[in-house]
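J.: Single-letter residue listing:
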Amino acid sequence: MIRFSRIRALLAKDLAETFSTAQIVMPLIIVPLVVVVGYPVAFLLAIKAAPDAANGLKDFIGSFPASAVPAIPGLTAAGRAAYIGVVYLFSGFFLIVPVMFSTVIAANSFAGEKERRTLEGLLYTPLTDGELVLGKIAASFLPAVGFAWVCFGIYTVIVDVLGAPLVGQVFFPTMNWWALMFLLVPAVALFVISVVVMISTRARGFQEANAIGGSIVLPIIGVVAAQASGVMVLSAGVVAAIALAFVLLDVLLLSVIVGAFNRSKVVSYLP
Amino acid sequence: MSDPGSGLAVEVRGLTRVFDAVPALDGVDLEIPRGAVFGLLGPNGAGKTTTVRILNGVLDPTRVDVLRVLGQDLPQGADLVRPQVGVQTDTNLYDRLSARANLSLFARFYGLAKKAADQRADELLDMFGLLPRAAERVEKFSKGMKQKLLIARSLVGAPSLVYLDEPTAGLDPEASHELMSYIRTVSRAQHTTFFITSHRLDEMEDVCTKVAVLAGGVIRAQGSPAAVARAAVPRVRVHVTPAPGVRIAPGELLALPGATHAESLDGYIAVDLRSVRAVPEFVRAAAALPHDLLGVADVPPTLQEAYLALVGSQPGAPDPAPDTAAQTGTEVAS
Chain P
1 MIRFSRIRAL LAKDLAETFS TAQIVMPLII VPLVVVVGYP VAFLLAIKAA
51 PDAANGLKDF IGSFPASAVP AIPGLTAAGR AAYIGVVYLF SGFFLIVPVM
101 FSTVIAANSF AGEKERRTLE GLLYTPLTDG ELVLGKIAAS FLPAVGFAWV
151 CFGIYTVIVD VLGAPLVGQV FFPTMNWWAL MFLLVPAVAL FVISVVVMIS
201 TRARGFQEAN AIGGSIVLPI IGVVAAQASG VMVLSAGVVA AIALAFVLLD
251 VLLLSVIVGA FNRSKVVSYL P
Chain U
1 MSDPGSGLAV EVRGLTRVFD AVPALDGVDL EIPRGAVFGL LGPNGAGKTT
51 TVRILNGVLD PTRVDVLRVL GQDLPQGADL VRPQVGVQTD TNLYDRLSAR
101 ANLSLFARFY GLAKKAADQR ADELLDMFGL LPRAAERVEK FSKGMKQKLL
151 IARSLVGAPS LVYLDEPTAG LDPEASHELM SYIRTVSRAQ HTTFFITSHR
201 LDEMEDVCTK VAVLAGGVIR AQGSPAAVAR AAVPRVRVHV TPAPGVRIAP
251 GELLALPGAT HAESLDGYIA VDLRSVRAVP EFVRAAAALP HDLLGVADVP
301 PTLQEAYLAL VGSQPGAPDP APDTAAQTGT EVAS
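Protein chains in written order, with my numbering: chain P, 1 to 271; chain U, 1 to 334.
Since the hints were made in silico from the structure, they are not lab data.
Take the hints with a grain of salt, since some may be wrong.
Restraint ranges, calculated between C-beta atoms of paired labels, are given here [stated by the list, open to error]: (1) GLN76/U - PRO219/P: 37 to 47 Å; (2) VAL41/P - ALA158/U: 52 to 62 Å; (3) SER20/P - VAL18/U: 51 to 61 Å; (4) PRO83/U - ILE154/P: 43 to 53 Å; (5) SER20/P - GLY170/U: 47 to 57 Å; (6) PRO83/U - LEU270/P: 45 to 55 Å.
The C-beta atom is built at its ideal place from N, Cα and C for all residues, glycine as well.
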């Protein structure tokens, strides 16, 4: 039987530990903020400063179907470029951000405790295998997705403030962005975290877990993120369907991880 | 088949654990009554940690005939056993959390609500003299304070069975004494079973009701400390203390019945006797000597002597005496 009060306690401990060390948290926060704030601001300011330069983006704009941009009266080439950039170009970042964040925290979950020699104490407690694994996954999932949503909020404000004058109206978030942020991002983050936590149970230390986890997960997510622009051109329903596929994968993966978790094996990897 | 009503806290028969074809434990048998203070003694690498891990369902045995803890068969009953068990091993605390948060966290794992967990944490911090520093991060604590906190953490769930690994390591003598008193009191008053591994044999001899000596993955002896010592160290020694100003030559005592060796030491003469049965006759003969004596005292072998004899670290250590073992009900492996 799983007791959620125990999972909450483990989660609270992990979050308190993670966020008590500025050296770990600050790079995790600053790099994504630069990406999701700096790039769009630079992009929109450049178009605003030189609207004619948008003509130079003809090939880029032309690669999107006409249906990618809704019929907005009086939409200029600069406005179309701004719309496509904001809605499609940066969507991949929002898959990368939680993945970066969660890979580090998830790699630290079991492997970090092994390295700090705290894991064995945890294994002796009444926490069941399911509670241990789910607590560790939740401790990576919640901050990663929460931070992605914070970035999304900041991005929304920035692109509406800077982009609305170019497009002629407040246009963001679109339906497919709601589906991206609240369905696909959590589903992909959970997939990544589950894989990395599984690796973390077997790794001897954080660096090993991070390196193996990153080398397995990042290429997969890189491909997904690279395709994000194309996927976003499709309907919100397609985004939701892809998210659903990841959810099914997550459920399968979680049941495998909880079932395969074996204290005896974990102990045998202790230094 | 589990037997929750059994008088044994731990029952193990034929426990074997092999790592990479090397046996860490080889056919270990243990019986620990509920309420006992049990000491598992052994050199580094003897298999003590492996034993503790297996008894907590954290490590699977390679082979075992019976593995029962608090009436539950392991490893399948591990989830039922862990809530009744507290463990202090050579692990670390969460350094970036406060002392209170460390204890409260574990109290919550044992099912206490947040407020009750904080109260339980404060009770234990108070008991170990750490309450004034409850809010400080553990990383600022000394080794001794961390050790106290680890022990407190093992008690947070009010367990029926407590495993303590080198509990007095890093503690000052006063704290060690208090801890031993606590263990003695709680085992008697609450019938809590303590399973202690330690190299401090004097403490183990003082506090344990039962000990086992583990070496090379094999239990060499188990029983009460005195019985194990008697069984493992066959010599029988008395100290003859003459009155002030009286001089007795060792040769006079060596000539008495049963004496095999006599040596004059600081204010007394140590005399080795042939057997326990020789003691009464020797005492009568010593009392009949024309010298004033302050006393003749039996000096039983210590647990340390027994330990050294059993683990083979003492050059020329005598083999354990099977007849003495049979008399005391102590098990000694040859």
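J.: Compare the structure with each hint and give your call.
T.: Checked hints:
1. GLN76/U - PRO219/P: 37 to 47 Å: Given range 37 to 47 Å: holds, Cβ gap about 41 Å.
2. VAL41/P - ALA158/U: 52 to 62 Å: At roughly 58 Å between Cβ atoms, ALA158/U and VAL41/P fall inside 52 to 62 Å, so the hint holds.
3. SER20/P - VAL18/U: 51 to 61 Å: violated, 41 Å
4. PRO83/U - ILE154/P: 43 to 53 Å: For PRO83/U and ILE154/P the Cβ distance comes to about 45 Å; the hint holds.
5. SER20/P - GLY170/U: 47 to 57 Å: Given range 47 to 57 Å: violated, Cβ gap about 25 Å.
6. PRO83/U - LEU270/P: 45 to 55 Å: violated, 23 Å
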